Amino acid sequence: MSREADLAAIIADHAQRPGAMIPLLHDVQAAFDCISAETEAAIAAALNLSRAEVHGVVSFYHDFSATADPRPAIELCRAEACQARGVEALVAAAQQAAGDRVRIKPVYCLGLCSVGPAARVGDDLHARLDQAALVKLVQSA
Amino acid sequence: MNAVRISDDALALACGANAVAAAFEAAGWTVEWVSSWGMHWLEPLVEVNGIGWGPMTADRVGEVIEGRADDLCIGPIAAHPFIARQQRLTFARAGRTRPLSLEDYAATGGWQGLERARSLDPAQVIAEVIASGLRGRGGAGFPAGIKWQTVAIAPGGEKYVVCNADEGDSGTFADRMLMEGDPLQLLEGMAICAHAVGAGHGYIYVRSEYPHAIAKLKSALALAESRLAPFTVEVRVGAGAYVCGEETALLNSIEGKRGEVRAKPPLPALEGLFGKPTVVNNVLTLAAVPHILSPGGAEFYARLGIDRSKGTMPIQLAGNVRHGGLYETAFGITLGDLVGRIGGGTASGRPVKAVQVGGPLGAYIHPSQFDLPFDYEAFAAANALIGHGGVVVFDDNTDMAALARFAFEFCAAESCGKCTPCRIGSTRGAELIDRLRAGGKAQADAVEALPQMHNARKAGRSREESLNLIEDLCEVMQLGSLCALGGFTPYPVRSALKHWPEDFA
Numbered sequence: 000m001s002r003e004a005d006l007a008a009i010i011a012d013h014a015q016r017p018g019a020m021i022p023l024l025h026d027v028q029a030a031f032d033c034i035s036a037e038t039e040a041a042i043a044a045a046l047n048l049s050r051a052e053v054h055g056v057v058s059f060y061h062d063f064s065a066t067a068d069p070r071p072a073i074e075l076c077r078a079e080a081c082q083a084r085g086v087e088a089l090v091a092a093a094q095q096a097a098g099d100r101v102r103i104k105p106v107y108c109l110g111l112c113s114v115g116p117a118a119r120v121g122d123d124l125h126a127r128l129d130q131a132a133l134v135k136l137v138q139s140a
Numbered sequence: 000m001n002a003v004r005i006s007d008d009a010l011a012l013a014c015g016a017n018a019v020a021a022a023f024e025a026a027g028w029t030v031e032w033v034s035s036w037g038m039h040w041l042e043p044l045v046e047v048n049g050i051g052w053g054p055m056t057a058d059r060v061g062e063v064i065e066g067r068a069d070d071l072c073i074g075p076i077a078a079h080p081f082i083a084r085q086q087r088l089t090f091a092r093a094g095r096t097r098p099l100s101l102e103d104y105a106a107t108g109g110w111q112g113l114e115r116a117r118s119l120d121p122a123q124v125i126a127e128v129i130a131s132g133l134r135g136r137g138g139a140g141f142p143a144g145i146k147w148q149t150v151a152i153a154p155g156g157e158k159y160v161v162c163n164a165d166e167g168d169s170g171t172f173a174d175r176m177l178m179e180g181d182p183l184q185l186l187e188g189m190a191i192c193a194h195a196v197g198a199g200h201g202y203i204y205v206r207s208e209y210p211h212a213i214a215k216l217k218s219a220l221a222l223a224e225s226r227l228a229p230f231t232v233e234v235r236v237g238a239g240a241y242v243c244g245e246e247t248a249l250l251n252s253i254e255g256k257r258g259e260v261r262a263k264p265p266l267p268a269l270e271g272l273f274g275k276p277t278v279v280n281n282v283l284t285l286a287a288v289p290h291i292l293s294p295g296g297a298e299f300y301a302r303l304g305i306d307r308s309k310g311t312m313p314i315q316l317a318g319n320v321r322h323g324g325l326y327e328t329a330f331g332i333t334l335g336d337l338v339g340r341i342g343g344g345t346a347s348g349r350p351v352k353a354v355q356v357g358g359p360l361g362a363y364i365h366p367s368q369f370d371l372p373f374d375y376e377a378f379a380a381a382n383a384l385i386g387h388g389g390v391v392v393f394d395d396n397t398d399m400a401a402l403a404r405f406a407f408e409f410c411a412a413e414s415c416g417k418c419t420p421c422r423i424g425s426t427r428g429a430e431l432i433d434r435l436r437a438g439g440k441a442q443a444d445a446v447e448a449l450p451q452m453h454n455a456r457k458a459g460r461s462r463e464e465s466l467n468l469i470e471d472l473c474e475v476m477q478l479g480s481l482c483a484l485g486g487f488t489p490y491p492v493r494s495a496l497k498h499w500p501e502d503f504a
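Protein chains in written order, with numbering that gives the first Met the number 0: chain A, 0 to 140; chain B, 0 to 504.
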């Protein structure tokens, strides 16, 4: 199926439900890894909004991005509980292992606060990370 | 057939439960996936005939099968001091049932509260919730029954029940554990609320950082659809905005808008989701309701706790703590007991320096205040908050100035931007702490040097002047912000400055 047809199908899936925007954007982000200006325009037309209104929503939430980043991503928790368990000391080594190949995204809490430092890769969670385990995780991403 | 029980809670999986389960299966054992007991330092915890072993690794499964691995064995799990000392009402099923088993749920008292509630007049249901003394567990501690009553008597045919499952506070995971471990109880609580206030449809707004909870809720909804009918529930997934845990921002997000905070009034109870009267309650508030509506439940609940904080609180021990996990107990336990006796001190073995209660917006509490009882009013009187019941422990390696700066930085990153004290104050606050730590400021910065900035100071500030300025900024944020994000960010900052001024040198 073409990209346009995919987008039209996603929009048709959601357009009629109340408060369609966020679930719709989640599906678009998952399908295309970004929500481009053209996509915003198509969504705006379907939901009877201006593109500015759609863009305002897209740019508000951390989960949505305007451009795709094809690199594998590791979300590393940097919130207080993981800080208390020493995550900040691991960041430099993780960045070095990642280089430009892997994206290390900060995330603020994965709900694993008693067994941090914690990270998420896709829907897989990793806890009790030390430097060696985190570097290994980055290398295998 | 030999059977082993292992938790499929996200935390157990993150600690390697899948590999452990695979090793048991390879040995011909049956794996029964249950909820987590909440003893996180022991995860993955495996249970064979009531006896527990943990933290388990796949390479030692053979020893457990042979009844060895004594160093990992904790004996009967239910008798473990960490479990035996608790008073579990909301988490009564934790570790004991399969999260998505209707059979297990019904066998442990499930649906009794809903059946009884539906046999009662809605006003009677609300009266029982008021009598129980249940207060909102999301942080503000507003009496749940009063909120329900406001929605029930609000004019309008269409009303909503919204469950706030946007558990963004660091150090909290009780909502996640409840949604993953006992999702049916949450749905039952929502259905009781819907009956009480006259709502036909509900939403659960879960943060996107909780994929396992989202999956469990959706499965539970499919299973319980006929039980809940005519009430219907929909799961909505957040999109990574911390501020959407604030109830009005959450409502905007469900409506498909930017998660900006709304000014109150109007209260969401009168004009909430899509402008209709709406109950917004936290996961733990709604999950406590089935117990309260069971026969004699309200009276039992009200007998627990102290003063105006009634019932039990699922407290979460997190951060640098030896025995981290979920500890549900009646209000009134002291912080020192929680951190020392129950939590076993720090995981690193070093002295405790500070404890943050209530998430990123909660005050840092000094060990000299460890006699503070877990009680909404007592914490408020000490310029602190219980929030969602998260307790994060820090050892003596911690730099409190870095944490104070982080509080401002976090607020700046997550501010919805609607009100000025939060949007701008947070950024200025982080800069002020940087300057303070750099020993004041030698000269004006680029903006201050502009000719338009007539009133800006051209010379450096002394430490005392910088401290006064931070204090002034904190006051503006605390009193002038629209919601708790800007309004409570001063708590961690002020408490860190007050108790650990040496860290800011």
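For the record, the hints were derived by calculation from the structure and aren't laboratory data.
Bear in mind the structure is a predicted one, so any value in this text is a computation, not a measurement.
Think of the CB as a built atom: it goes at the ideal place given N, C-alpha and C, for glycine as much as any other residue.
Hints are not guaranteed to be accurate.
Claimed, not checked - Residues of chain B clear of chain A, computed beta-carbon distances all greater than 10 Å: (1) ALA13; (2) GLU42; (3) ASP70; (4) ARG115; (5) ALA153; (6) THR171; (7) GLU254; (8) LYS256; (9) GLN315; (10) ALA317; (11) GLY323; (12) ASP394; (13) VAL475.
As the list claims (entries may be wrong) - Quick list of in silico lysine to aspartate or glutamate cross-link-like pairs, DMTMM-like style, CA-CA up to 20 Å: (14) B:LYS256 with A:GLU3; (15) B:LYS217 with A:ASP26; (16) B:LYS256 with A:ASP123; (17) B:LYS217 with A:GLU52; (18) B:LYS417 with A:GLU52; (19) B:LYS217 with A:GLU3.
Status of each hint after checking the structure:
1. ALA13: Non-interface label on B:ALA13 violated, nearest chain A Cβ at 4 Å vs cutoff 10 Å.
2. GLU42: Non-interface label fails for B:GLU42: nearest chain A Cβ at 7 Å, not farther than 10 Å.
3. ASP70: Check passes; 18 Å lies beyond 10 Å.
4. ARG115: 32 Å, holds
5. ALA153: Answer for B:ALA153: holds, closest chain A Cβ roughly 19 Å.
6. THR171: About 7 Å separates B:THR171 from the closest Cβ of chain A, which leaves it inside 10 Å; violated.
7. GLU254: The claim is violated: B:GLU254 sits with its nearest Cβ about 5 Å from chain A, within 10 Å.
8. LYS256: Its Cβ does come within 10 Å of chain A, the nearest being 7 Å, so this is violated.
9. GLN315: Incorrect as stated: the minimum Cβ-Cβ distance to chain A is 7 Å, not above 10 Å.
10. ALA317: 3 Å, violated
11. GLY323: The claim breaks: B:GLY323 does not keep its Cβ more than 10 Å from every Cβ of chain A (closest is about 3 Å).
12. ASP394: For B:ASP394, whose nearest Cβ neighbour in chain A is about 8 Å away, the distance does not exceed 10 Å, so it is violated.
13. VAL475: About 24 Å separates B:VAL475 from the closest Cβ of chain A, which puts it past 10 Å; holds.
14. B:LYS256 with A:GLU3: 24 Å, violated
15. B:LYS217 with A:ASP26: The hint holds at about 17 Å.
16. B:LYS256 with A:ASP123: Violated. B:LYS256 to A:ASP123 sits at ~29 Å, over the 20 Å cutoff.
17. B:LYS217 with A:GLU52: 30 Å, violated
18. B:LYS417 with A:GLU52: 16 Å, holds
19. B:LYS217 with A:GLU3: Judged against 20 Å, a Cα distance of about 29 Å means the pair is violated.
In this structure, the earlier hints numbered 1, 2, 6, 7, 8, 9, 10, 11, 12, 14, 16, 17 and 19 are contradicted, and the remaining ones agree with it.
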